[in-house]
Each structure stands twice: as structure tokens, then as C-alpha cells.
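Protein chains in written order, with the working numbering: chain A, 1 to 220; chain B, 1 to 220.
Take the hints with a grain of salt, since some may be wrong.
Given that identical chains are not distinguished, each listed pair holds provided it fits within a single copy or across any two copies.
Only pairs whose alpha carbons sit at most 25 Å apart, straight line, appear in this in silico DSS-like list of lysine-lysine [said to hold, decoys possible]:
| hint | residue 1 | residue 2 |
| --- | --- | --- |
| 1 | Lys28 | Lys131 |
| 2 | Lys131 | Lys101 |
| 3 | Lys65 | Lys2 |
| 4 | Lys131 | Lys172 |
| 5 | Lys12 | Lys2 |
| 6 | Lys104 | Lys79 |
| 7 | Lys101 | Lys28 |
| 8 | Lys8 | Lys79 |
| 9 | Lys79 | Lys38 |
| 10 | Lys131 | Lys14 |
| 11 | Lys169 | Lys205 |
| 12 | Lys131 | Lys169 |
| 13 | Lys79 | Lys131 |
| 14 | Lys38 | Lys65 |
| 15 | Lys79 | Lys6 |
| 16 | Lys194 | Lys2 |
| 17 | Lys38 | Lys101 |
| 18 | Lys79 | Lys2 |
| 19 | Lys30 | Lys79 |
| 20 | Lys65 | Lys215 |
| 21 | Lys205 | Lys6 |
| 22 | Lys169 | Lys30 |
| 23 | Lys205 | Lys28 |
| 24 | Lys169 | Lys2 |
Hints were generated in silico from the structure; no laboratory data involved.
2 protein chains.
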Amino acid sequence: MKIIAKIKTDMKEKFGLPRQSGLVPELKGKIVFEPEYKDENALRGLDGFSHIWVIWRFDGFDGNKWSPTVRPPRLGGNKRMGVFATRSPNRPNPIGLSLLKLDKIEDGELYVSGVDMMDGTAIYDIKPYLKISDCRPDAIDGFAEDTAEQTSNVTFECDTDMLTKAELKAVKQMLEQDPHPSYKTEPDRLYGMKYKDFNVRFYVKDACVYVKEIKNDSVK
Amino acid sequence: MKIIAKIKTDMKEKFGLPRQSGLVPELKGKIVFEPEYKDENALRGLDGFSHIWVIWRFDGFDGNKWSPTVRPPRLGGNKRMGVFATRSPNRPNPIGLSLLKLDKIEDGELYVSGVDMMDGTAIYDIKPYLKISDCRPDAIDGFAEDTAEQTSNVTFECDTDMLTKAELKAVKQMLEQDPHPSYKTEPDRLYGMKYKDFNVRFYVKDACVYVKEIKNDSVK
Numbered sequence: 001m002k003i004i005a006k007i008k009t010d011m012k013e014k015f016g017l018p019r020q021s022g023l024v025p026e027l028k029g030k031i032v033f034e035p036e037y038k039d040e041n042a043l044r045g046l047d048g049f050s051h052i053w054v055i056w057r058f059d060g061f062d063g064n065k066w067s068p069t070v071r072p073p074r075l076g077g078n079k080r081m082g083v084f085a086t087r088s089p090n091r092p093n094p095i096g097l098s099l100l101k102l103d104k105i106e107d108g109e110l111y112v113s114g115v116d117m118m119d120g121t122a123i124y125d126i127k128p129y130l131k132i133s134d135c136r137p138d139a140i141d142g143f144a145e146d147t148a149e150q151t152s153n154v155t156f157e158c159d160t161d162m163l164t165k166a167e168l169k170a171v172k173q174m175l176e177q178d179p180h181p182s183y184k185t186e187p188d189r190l191y192g193m194k195y196k197d198f199n200v201r202f203y204v205k206d207a208c209v210y211v212k213e214i215k216n217d218s219v220k
Numbered sequence: 001m002k003i004i005a006k007i008k009t010d011m012k013e014k015f016g017l018p019r020q021s022g023l024v025p026e027l028k029g030k031i032v033f034e035p036e037y038k039d040e041n042a043l044r045g046l047d048g049f050s051h052i053w054v055i056w057r058f059d060g061f062d063g064n065k066w067s068p069t070v071r072p073p074r075l076g077g078n079k080r081m082g083v084f085a086t087r088s089p090n091r092p093n094p095i096g097l098s099l100l101k102l103d104k105i106e107d108g109e110l111y112v113s114g115v116d117m118m119d120g121t122a123i124y125d126i127k128p129y130l131k132i133s134d135c136r137p138d139a140i141d142g143f144a145e146d147t148a149e150q151t152s153n154v155t156f157e158c159d160t161d162m163l164t165k166a167e168l169k170a171v172k173q174m175l176e177q178d179p180h181p182s183y184k185t186e187p188d189r190l191y192g193m194k195y196k197d198f199n200v201r202f203y204v205k206d207a208c209v210y211v212k213e214i215k216n217d218s219v220k
């Protein structure tokens, strides 16, 4: 399996990363092809598609330590489900599948949004999204159905002036997914989510997210 | 990349195979896990999902002879598109992606329909279809849009009594996709499609498909 490209994203740490693609539309990425696969001919016609599939490698998982069951965070982290009934990274082959919005193609690079991948993630394949085969509004989502649309209310208790409007939107959308480990319930506990050069410090109370501080780590 | 399972289907040859999953709902398959990955715990909760993603290996392609452009059969076979704008098997990593209907799980095996894979195809991963991230009715399909719903009229000029109702439906649905190479236009030319033990002989005239003969190859 060859690495054909890598994606640049604003997430250098796993904490806060959306659990699925598309959940945080404002999280952007840029797919940069490896020299051997950089050929604009290979992208001919792709600009007519609004969405693409990206098949990629879960970093830090080699598939050798997979377990038949996993605890999906969406179920509170205390219920075990079969690994093939989840999108967990800890699976026999650490392959991720993401549906991304294709914003534009420029200089042979793909600008995408709705990412759920860490900065530098290796990519194996890119395919167009085909509505006729890939879009199934009649599908039944199993145990994921009830939790799919859950989002948390987010309140900023601090100054957000150092963020652009787009950055603020991305931070808000990520926190609406409430990334804190759901088995941890200590109130007042502060979590830190890294986004770009920012450290976003927040706590969770009564299923709401409160941002206490946003620090720009690049400013000394 | 480990082979976790193989799929049994009724198609032993490539000719006639649907170009995408879901196009021939009546084409069935059974996913049988390799001994090392056969564990019913790994499927816990999957039965609640109506559809699954299957990530698999394109047989006969190793990715070393990929070309940046390919000729999608849907465009008449004479127009070149970038390989990443198509689902062509001849790509840097010969990975296929299919969305299959999960009919039932029995004895740790997955019964699926809408397959587009040859009998014995090796499978790398199985994931649940999640409507919230995977279903995009607003997506724009690019050059595939116009051709997506094209189907051909199919007329049986021969006896079909040896087929069950389900088999007849499968044959009809496959031929509605008109599997004959679109750059070949000789009328009266007979094509043979293998399905189960049947050899379905047909010709194409004015974009309609006529079945001339169905032979059961297992009957001597």
C-alpha cells in the first residue's frame, strides 16, 4: 500500500479531532500529493465533484493490537460494540474513510473541508463521491442513530479577539461535538484542545461547554 | 494490509459485473471471515445497520501499472478522465469501496446485496454506513451526473424457465446496465455474461439489450 499524498490540517493533536468527517465543516485541509503521484492529469474531471472519499492511514495504529470490541465515545465510553460496527481506528487494518467537501483544486493540491484527520495523515486513495451508489437516505444507522445529531452548547467566557471569524467558527464547531472523554465527569476540570497555534482551555458542566481561555502558544 | 475476509458472489468473471455497488440490488454476496478474524464479538451491534462499507482489493491490479488518466466506460470509453475522478480499478493502490445492503448476519457471516465484486474478492475492512457523515444528497457528481441513471431496456427472446424469479431479476438488472464495451458497436454481435452456472448470451441494438440464449453450463 503506497502513500500517494498527505493532508495538512490545523490539528496537530488527536484531542478535539472530530469523530467523523463532515461534523465540523469549518475544519479545513489541503491534500498534497507525493512527488511520484503529483500529476494534474490524474485529477482531470475531479473539479466537477463537490465531495470526495479519502482513504487514509490511522496514525499510531498498526492493526496488530486490535480488539474485537471497542467502546465508542458516543455511547459514553462504557459500552462495548464490535469493531466492525464502529469507525474506531483500532481495527485489523488501520484504514480510515472520510467524506470531504472539495472546495477547490489549485496547483495540483486539493483544498477540502470537514476534515477529521490529524496534520500529516498519510493518504492511500481518493475517489469521487457518487450519489447514485453512495447516498442512501433510507439507511438505518443502528446504535449510532440516536447520538448522531447530539451537539453541546458552547459559551465563550473569555476574549476571542485573536481568532478570525473562520477560526472561531471552527473552534465552536469542534467544541459542540464535546471532545472531553465522556467517562470523566469531574466538573471544573480544564481540558486543552490544540487548534493551529491556539490552546483552547475549556470545562464541561451539565453537558455544556465553557471556554475559559484561549492562549496563542506561538506568542512568547 | 491483511485480508480479513472474502466475499462469495455469483460472478466468476468480470464481464457483466456492475460498475458500482447498489446498481444491481439483486446481486447477492456472503462475506466469510478468515479464521483469524472470525469472531462474532467483532460484529456486535452491526445488525442494527442496514448498510455497510466494504473496502476490498481489486483482483488483478497491483497498482504498479496505473495511468494518470483512464477511460470511464460510462463516457463511451473514448474520453479520458483523471484516475482520482473515477472509481477505476487501475489506480495507485488497487482499493475498491462498495456500499452494500446488509440483509442479515448468520453464523458470523454477512449476507449482503448490491454487490459489484467478483467471487473470492479479498476484503480489508468493513465499516458501518453512517448517514450523518456519509449521506450527502446535495453532492454534485461531476461528469458522472448525466450518466448515473441510464439504463437499457432488456428483452428476453428466449426461454427463461430455468431461472428462479430472483435469478431472472438479477440477470435483468445486470443487463439494464448494458455491460457490453461501449466502443464496440457491431450489431448482432453476441456477448456472453456468466452468472452462477449460466451463460447469458445477448446482443445490443439501438441501445436495447436482447437476450438470445441462456445456457446452463453445469448441465452436460
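Results for each hint:
Proximity of Lys28 to Lys131 under the C-alpha cut-off of 25 Å is found in both arrangements, the shortest distances being 23 Å within a copy and 21 Å between copies. In this assembly of identical chains, the alpha carbons of Lys131 and Lys101 lie at most 25 Å apart whether taken from the same copy (14 Å) or from different copies (16 Å). Proximity of Lys65 and Lys2 under a CA criterion of 25 Å is satisfied in both settings, with 22 Å inside one chain copy and 13 Å between copies. Only between protomers do Lys131 and Lys172 lie at most 25 Å apart by alpha-carbon distance; the minimum there is 23 Å, versus 30 Å within a single protomer.
In this assembly of identical chains, the alpha carbons of Lys12 and Lys2 lie at most 25 Å apart only when taken from the same copy (23 Å versus 28 Å across copies). Proximity of Lys104 to Lys79 under the C-alpha cut-off of 25 Å is restricted to the inter-copy arrangement: shortest distance 23 Å between copies versus 40 Å within a copy. Taking CA atoms no more than 25 Å apart as the test, Lys101 paired with Lys28 passes inside one copy only; the shortest distance there is 9 Å, against 32 Å between copies. Taking identical chains as interchangeable, the C-alpha atoms of Lys8 and Lys79 are never at most 25 Å apart, the minima being 33 Å within one chain and 32 Å between chains.
Proximity of Lys79 to Lys38 under the C-alpha cut-off of 25 Å is restricted to the inter-copy arrangement: shortest distance 21 Å between copies versus 44 Å within a copy. Taking the shortest alpha-carbon separations for Lys131 and Lys14, only the inter-copy value of 24 Å comes in at or below 25 Å, while the best intra-copy value is 31 Å. Taking the shortest Cα distances, Lys169 and Lys205 sit within 25 Å of each other inside one copy (21 Å), while across copies they are farther apart (57 Å). Within a single copy, Lys131 and Lys169 get their C-alpha atoms only as close as 28 Å, which misses the 25 Å cut-off; across copies the closest is 23 Å, which meets it.
For the identical chains of this complex, Lys79 and Lys131 are inter-copy neighbours only, at 21 Å across copies versus 33 Å inside a copy, given an alpha-carbon limit of 25 Å. Taking the closest pair of Cα atoms, Lys38 and Lys65 come within 25 Å of each other only across two copies (16 Å); inside a single copy the shortest separation is 34 Å, beyond that limit. Neither within a single protomer nor between protomers do Lys79 and Lys6 lie at most 25 Å apart by alpha-carbon distance, with minima of 34 Å and 29 Å respectively. With identical chains, the CA atoms of Lys194 and Lys2 are never at most 25 Å apart, being 30 Å at best within one copy and 34 Å at best between copies.
Taking the shortest alpha-carbon separations for Lys38 and Lys101, only the intra-copy value of 20 Å comes in at or below 25 Å, while the best inter-copy value is 36 Å. For the homomeric pair Lys79 and Lys2, neither the shortest alpha-carbon distance inside one copy (35 Å) nor that between copies (27 Å) is at most 25 Å. Taking the shortest Cα distances, Lys30 and Lys79 never come within 25 Å of each other, neither inside one copy (35 Å) nor across copies (28 Å). In this homomeric assembly, Lys65 and Lys215 never come within 25 Å of each other (Cα to Cα): the closest approach is 36 Å inside a single copy and 50 Å across copies.
Within a single copy, Lys205 and Lys6 get their C-alpha atoms no closer than 37 Å, and across copies no closer than 47 Å, so neither meets the 25 Å cut-off. Proximity of Lys169 to Lys30 under the C-alpha cut-off of 25 Å is restricted to the intra-copy arrangement: shortest distance 18 Å within a copy versus 45 Å between copies. With identical chains, the CA atoms of Lys205 and Lys28 are never at most 25 Å apart, being 29 Å at best within one copy and 49 Å at best between copies. For the identical chains of this complex, Lys169 and Lys2 are neighbours neither inside a copy (35 Å) nor across copies (40 Å), given an alpha-carbon limit of 25 Å.
Consistency note: the structure conflicts with the earlier hints numbered 8, 15, 16, 18, 19, 20, 21, 23, 24.
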